[in-house]
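*Asks:* Sequence:
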Amino acid sequence: MIIKNIESKVRLATFVAAGSFVAALIIVAINSFSAYKMVSNAQKTIYILDNNVPILARQTDMQMNRPAEYRAHVDLFHSLFFSLTPDDNYMEYQMKKAMYLVDESGMRQYNDLKENGFFNSILSSSSVLTLQTDSIAVDMPKHYFRFYGKLKIDRRSSTVIRSLITEGYLKDIPRSDNNPHGVLITNWKTLENKDLQDVEKNTF
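Per UniProt numbering, the very first residue in the sequence shown carries number 1; after that it's consecutive.
Keep in mind the hints are simulated off the structure, nothing from the lab.
Careful: at least some of the hints might be erroneous.
Said to hold, decoys possible - Here are the simulated DSBU-like cross-link-like pairs (lysine-lysine), alpha carbons at most 30 Å apart as the crow flies:
no., residue 1, residue 2
1, 97, 37
2, 201, 97
3, 189, 97
4, 37, 114
5, 150, 114
6, 97, 114
7, 189, 152
8, 194, 142
9, 150, 96
10, 171, 194
11, 114, 189
12, 96, 114
13, 194, 96
14, 96, 189
15, 189, 142
16, 189, 171
17, 150, 189
18, 171, 96
19, 96, 142
20, 150, 171
21, 201, 150
22, 194, 152
23, 37, 96
24, 201, 171
25, 97, 150
26, 96, 152
27, 142, 171
28, 152, 114
29, 142, 201
30, 97, 171
31, 142, 97
32, 201, 152
Small disclaimer: the values here were computed from a predicted structure and weren't measured.
Input sequences plus hints: build the corresponding full structure.
*Replies:* Here it is in structure tokens:
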């Protein structure tokens with residue numbers, strides 16, 4: 001009888017000890033998860049000084065805003081590359097800024113246009129090129145984009161409207177002053193660049 005009482009007490013003590021151990025593990029896990037959430041949220045909290053008064057602000061998840069940044073990057077690149085005036089220095093400045101946003105495929109297109117006399121024709125005809133973005137489609141899983149726009153070429157003698165469609169891929173890179181979106185356009189090529197309108201101007 002005494003032995004049975006001892007065995008039952010040992011079993012009870014073992015059960016209590018095991019239950020306490022499991023409960024302790026659960027409490028530690030809950031506390032660890034709560035601490036992780038608090039640290040994660042704290043890392044997203046920033047303060048902005050307004051006349052030396054700290055104002056709480058929240059950082060947004062970068063991936064939530066990435067599609068908009070991709071479209072802004074593609075729009076900026078095309079604007080730099082195609083919106084031009086008959087000024088050597090200005091065109092060189094635009095191309096230099098554009099090349100920070102694209103890989104060697106952009107330089108290839110630039111060299112092809114240069115060899116074909118595209119930039120010289122802008123100078124000789126005093127043309128002003130203005131690009132209007134119609135839409136930019138981005139496939140996030142594939143990091144692929146397609147750009148749709150219209151290029152207005154305003155010459156002394158006429159105004160030409162061209163349909164411009166290009167495509168390429170998007171690669172995430174570290175942000176910099178020259179590439180604030182942290183995106184590099186790769187394998188960029190022009191799918192369509194054809195005249196839609198060619199309106200003669202009155203020369204008198």
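*Asks:* Next step is simple, just say for each hint if it's right about the structure.
*Replies:* Results for each hint:
1. 97 - 37: Not OK: residue 97 and residue 37 at ~41 Å, beyond 30 Å, violated.
2. 201 - 97: Measuring from Cα to Cα gives roughly 33 Å; hence the hint is violated.
3. 189 - 97: holds, 18 Å
4. 37 - 114: violated, 55 Å
5. 150 - 114: holds, 21 Å
6. 97 - 114: holds, 17 Å
7. 189 - 152: At roughly 20 Å apart (the allowed maximum being 30 Å), residue 152 and residue 189 satisfy the hint.
8. 194 - 142: Cα-Cα ~28 Å, so holds.
9. 150 - 96: holds, 23 Å
10. 171 - 194: This hinted pair holds, its Cα atoms lying about 28 Å apart.
11. 114 - 189: Holds - the C-alpha atoms of residue 189 and residue 114 are around 16 Å apart, at most 30 Å.
12. 96 - 114: Distance of about 14 Å is within 30 Å: holds.
13. 194 - 96: OK: residue 194 and residue 96 at ~26 Å, within 30 Å.
14. 96 - 189: holds, 18 Å
15. 189 - 142: holds, 17 Å
16. 189 - 171: holds, 15 Å
17. 150 - 189: holds, 16 Å
18. 171 - 96: holds, 19 Å
19. 96 - 142: Roughly 28 Å separates the two Cα atoms, so the pair holds.
20. 150 - 171: holds, 25 Å
21. 201 - 150: holds, 20 Å
22. 194 - 152: holds, 11 Å
23. 37 - 96: violated, 44 Å
24. 201 - 171: With Cα atoms ~43 Å apart, residue 201 and residue 171 exceed 30 Å; violated.
25. 97 - 150: The hint holds at about 21 Å.
26. 96 - 152: holds, 22 Å
27. 142 - 171: Roughly 10 Å between the alpha carbons, so the hint for residue 142 and residue 171 holds.
28. 152 - 114: holds, 19 Å
29. 142 - 201: violated, 45 Å
30. 97 - 171: The hint holds at about 18 Å.
31. 142 - 97: This hinted pair holds, its Cα atoms lying about 26 Å apart.
32. 201 - 152: holds, 14 Å
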